[in-house]
Every structure is written in structure tokens, then in C-alpha cells.
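Kindly produce the complete structure, drawing on both the sequences and the hints.
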Amino acid sequence: MCGRSRCSLGEEQVARAAGTSRWADRQLYRPSHNVAPGAATPVVRVASDGERQVQSMRWGLVPSFTKKDEKPDFWRMYNARSESVAEKPSFRRLVPTRRCLVLTQGFYEWQKEKGGAKQPYYIQLASPEGGEEEPLVMAGLWDVWDGPEGPMHTYTILTCDSSKRLEWLHDRMPVILRTREAQETWLQPGDNLGKLLHMCVPYNGEDLVWHPVTKQMNSPSFQGPECCKEVKKPSAKDFFKPRSAVAASPKVKEQGKLEFNQEPGKAGSSQRDQQGQQAQQAQQAAIKDEQGVKTEAGSAGLPAQTDVQQTAAAAAVNADEPPADRQQAAVATTAGRQAAANQAAEKQAAEAAPKQQEGQQGEPQAAAGASPASGQKRKQPAGSSASKGSGGSGGKKGSAPGSASKKARPAGQRPISHFFSKG
DNA sequence: CCAGACGTTGTT
DNA sequence: GTCTGG
DNA sequence: CCAGACGTTGTT
DNA sequence: GTCTGG
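Its first residue numbered 0, the first sequence is counted upward by one per residue in numbering that gives the first Met the number 0.
These are computed hints drawn from the structure, not numbers from a lab. Hints should not be assumed to be uniformly reliable.
[As the list claims (entries may be wrong)] Under the rule of at most 27 Å between Cα atoms (straight-line distance), these lysine-lysine pairs were calculated in the DSSO-like manner:
1. 87 - 67
2. 66 - 214
3. 66 - 87
4. 66 - 232
5. 228 - 67
6. 231 - 117
7. 117 - 232
8. 228 - 113
9. 113 - 87
10. 214 - 232
11. 87 - 70
12. 228 - 111
13. 228 - 214
14. 214 - 111
15. 228 - 117
16. 214 - 87
17. 113 - 214
18. 113 - 231
These numbers were taken from a predicted model, which means no experiment stands behind them.
What follows is the structure, encoded as C-alpha cells:
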């Protein structure tokens, strides 16, 4: 997933989705069509008394072991790869007891276009016909940090591979807990790690829909309701080629066609009963299949997650943008489902093969995690050595973060606090 | 023993 | 906090 | 994730 | 380019 979501849910909607009206730190939440890490949104967790409660938490995990005088970095751990969450030191300690449900209405993803431009898309659940918008619930982990302004609750969103339907747009997506049962399972205390991780699979239901949105929302400060509204995606072809040229060019085909994603409530409802539900069943199946399966918490390996994922994926009949990758029509029958799943699993195995260097199979994920390719530290102060100032006063080093963010701000409204390290 | 890291994404 | 590295 | 800044001197 | 801010 990326780093932007939407949550403008009202108090009642939150209560309904959460199954409780108990809400801690409610005042921290500001409904927003353009949520970025650092902002507080409603999250459901189990309170110390065992009851579930909503709590406003900031997006972007700030681990409890963060030093008090350290500046919290909401961007470092705003996502957690579900495939490795049980092994990563920063996350695995949270898995047993710090799971939570992240309430959203949808999320944003940027499609990279040729030329470097990026088109933002909004992804959400299609509302049932005539029904009310249903929140999109993501799997998360939370922690609390004892910072200079008191305890701060933060969360991270688990990610997984993209579903078949979405992989044209991006290769990762949030773990979506589509059913009440799945949500309950994720939230409830328990030590069946295998069961939990089996739930972390791409959601491929037909009721997950998308459309392009205005690039205005690229700016984190843009908060208008236009953020999530559908726009016509401008076609480069139409833009640059006069119609005569288009006709004259045999190579330019039907690519610029403006096709929209199915609209919430449009033709979706009957299909939802088929494929959306099927994906739902897959997730439920994951729960059932894992009951009784004992996965020792200590073991490094994760259970194969592909079967469930692909079962759902097999149901994909794509529409919209995606270059109609030659996808086979899905077989909706139970019998065909298994076949399709196997087929898909095979395909994935084949694709994984050439990628061996990434260390996907065999031994512990740790190997992959330790891959030097992606491991990069970027902590060093810019031009700490010499930069440009010849004999100067140290330039920005001296005035660093403090003065930089010392903008005057209307009292009372403090969206995101700034925390400075002591100098 | 102490010190230091602890992460994901995207890009090229 | 917990693990790895020196 | 994307946007926006990226600096010093001198004067009041 | 690179870092900071939301």
C-alpha cells in the first residue's frame, strides 16, 4: 500500500463499524479525505479490561522503545509487510497482543505512467445498492510511546501482495479484513499465529472498486472532498495527437479509451454476490482451515499463503484500466475454484523461480530481509562534512529542525505536533 | 560486556 | 524491548 | 506517499 | 539531488 488513506467517518459510523461506542482520545481524530501518516484516525483494539474500544491513534508506528527526546518518524513504519511481520524485531513483539483494526473508507494509490507522471486512484468498497457506505477495515498493529507530550498511540498497516484485480496499479496493497468474522479473529487475543497470518492475503473481491482522482490530492495539505471524487483520466493520446494524426496512425490503437471502473452500486450488486462473496468465503475458509492448526510462535517460516489468496484471485474478471493481461475467465464453481487456485499457485511458483536471488523460498525470510539491495540507511545529516559553506556558521545544521518548523499557528488547532530533540 | 539497530516504498 | 555485532 | 524547500546579510 | 514536513 502507499501512504495515503481516507477516513471521514462520523461518530456513529465508527461506533457501528467498531461494535462499540467507547472511544478513547476521540478529540485527536479529524475526519479527512486525505489522511497521511502522522494524522490520527479511529482504530479498534482490545482494552485492558478485555473489552473492545475505539482509540484515535496516529498512523505510522513509533515503537515504544523510541527515546523520549527523539523525534518520532511516522514514515518509517507506516506499513508492515505481513510476510515478515512475525520475524521483524520491531513488529513481532506486537503480533501477539497489539493487533488492531484500522477503520477507513478507502485508500489511495499512484499509478506510474510512462514519462514519470503519476495518476492517483482511490480504492474503496462498493456500497451495496441503496445501502450505506461500508467502512474498509485493515489489519494493523499498534504501540504506545512515552513521548514528551505524554503517551502517544500509533499504528502500522499490514501489507500483502496485490490482488489480481489490483496488480496493474501497484504490487502491494493493505490487508483487508472483509468480514466481521475476520475482524473479530484478528482482534481477539489468541496465539494461533498460523491462523492470523493466513488472514493476511490479498483481497480480490469484486466489491473492491477504484477510480482515478484529482492530482490536487497529491498535496497532503489538500483536504477537499474532491480528493476521492472520480475524474476523467486525461489521455495522453488525445492530448498530443490531432484527430487526423490518430486516424492516420495504424499503430495507435484503442488504448486511450476512457473506461471507468464499475461505480459503487451500479452493476456491482449481483456480481458482489458471486465474486465478492467468494473472496469473503476464502477469508473465512482461512479461518476455519486453520482452526486446530498449531503453528509454534517460535518458528520462523510463514504458512503458505498463496492458496487462499489465489482462490480469491482466480475469481477476478477485470474491467477498467489494466492492460487486459491475458486473464482466463474465472470458473465460479467450487470445483473450478480449486483447479484455478492450483493453476495460479503454479504460475506464481514459476514466476518466483527466476527471482531466486530475492530468497523467497527455502530458508527464513530473514535472508530476504537482510538483502543489501534494499537496505539503506539515510540518517546522515546532509552535507555534514563540508557542504558548500566555506567558513560559514554551519548553515542549516545549526538552525536545524527547530526553527524550520516554528511556524506560527492558530492556537488550539494543532493537527500534528512537532517534537524536537533537545539540542 | 556495551552499542546499535529495529522499516517500507519507490526509483534507477 | 530484544536481537545482532564488535 | 507527494510537496516544498534548499540562504545570508542587514535593517528596524 | 536531498532533506523536511504533512
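#### Entry: Numbers of the earlier hints that this structure fails to satisfy, in rising order
2, 4, 5, 9, 16
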